[in-house]
Amino acid sequence: MKILYLTNREPDETIREIIHYQKKMIDVTIVDMRTEKDRDRIIDLIAASDKVVSW
Amino acid sequence: MTAPRRGRKPPSPQIARYSWHECRACFRGSVIIYLAAAEKYPIAEVQVDKTVKKIAVLVRDRQGEALRMAVGITLMDDVIDVYILDRKVEETEENSFNIETMKDLGMNVFTNYEGNRGITFFSTGEIAKKLLRYDHVLPY
Chain U
0 MKILYLTNRE
10 PDETIREIIH
20 YQKKMIDVTI
30 VDMRTEKDRD
40 RIIDLIAASD
50 KVVSW
Chain V
0 MTAPRRGRKP
10 PSPQIARYSW
20 HECRACFRGS
30 VIIYLAAAEK
40 YPIAEVQVDK
50 TVKKIAVLVR
60 DRQGEALRMA
70 VGITLMDDVI
80 DVYILDRKVE
90 ETEENSFNIE
100 TMKDLGMNVF
110 TNYEGNRGIT
120 FFSTGEIAKK
130 LLRYDHVLPY
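In order, the protein sequence lines correspond to chains U and V.
Residue 0 in numbering that gives the first Met the number 0 sits at position 1 of the first sequence, and the numbers go up by one each step.
Residue 135 in numbering that gives the first Met the number 0 sits at position 136 of the second sequence, and the numbers go up by one each step.
Just so you know, these hints were derived from the structure itself, not from any lab.
Just so you know, these numbers come straight off a predicted model, no measurement behind them.
It is possible that part of the hints are untrue.
Cut-off 25 Å, straight-line C-alpha distance, at most; resulting in silico cross-link-like pairs (BS3-like, lysine-lysine) [stated by the list, open to error]:
1) 22(U) <-> 128(V)
2) 39(V) <-> 23(U)
3) 39(V) <-> 1(U)
In silico negatives: residues of chain V with every beta carbon more than 10 Å from chain U [said to hold, decoys possible]:
4) 18
5) 31
6) 34
7) 70
8) 77
9) 80
10) 90
11) 103
12) 104
13) 107
14) 111
15) 127
From the three backbone atoms N, C-alpha and C, an ideal C-beta is built for every residue, glycine too.
One chain only, chain U, in its complex shape (with noise of 0.2 Å):
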């Protein structure tokens, strides 16, 4: 199963914690919303995901 973690803020303790776990048991991409220019790359990422959370 694949992920995808968009973040607009600084994750705090309990995500990266959740984000801690689950690496060890799915496949995790986390892609800071703020930093991330590449608008395709996010469309690919959500289009490959199984699942797209929000943060």
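Go by the hints and put chain V onto chain U.
Then chain V, alone, in the frame of chain U:
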């Protein structure tokens, strides 16, 4: 609903039973109802749409809005579980009302904050595992 299959008359009436047949592509299915003693003679077939989604709402800093939203999206008949993260539930009239409503609706409410009395506690690690089982995760 379709008519029962024609055929030999079934034996005397027994307790009705049912079986579930599902299309794996669209999740639509049908319940076939038949008599326990005569499975070859269905009484009826009822079409059922089983596209219920499992949704987790993660309540973070804006508790009031998040709890209100969680109650609101139950109108879609999906399964909604609520996770209150990191904080004690603010003791406002609105929050109390929304949490009571969730319990009345049979929704599950969990927290990773041990100070939230009356709400099932899970560690953040356990919540991380549980979140993988949902169709949608809505942090708020």
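Against the structure, the hints:
1. 22(U) <-> 128(V): holds (10 Å)
2. 39(V) <-> 23(U): violated (50 Å)
3. 39(V) <-> 1(U): The hint is violated at about 44 Å.
4. 18: holds (31 Å)
5. 31: holds (32 Å)
6. 34: holds (43 Å)
7. 70: Given that every Cβ of chain U is farther than 10 Å from that of residue 70(V), nearest at about 21 Å, it holds.
8. 77: holds (15 Å)
9. 80: The assertion about residue 80(V) holds, with a minimum of 15 Å to chain U.
10. 90: holds (22 Å)
11. 103: Correct as stated: the minimum Cβ-Cβ distance to chain U is 28 Å, above 10 Å.
12. 104: holds (24 Å)
13. 107: holds (18 Å)
14. 111: The claim is violated: residue 111(V) sits with its nearest Cβ about 7 Å from chain U, within 10 Å.
15. 127: violated (4 Å)
Against the hints set out earlier in the document, violations occur for numbers 2, 3, 14 and 15.
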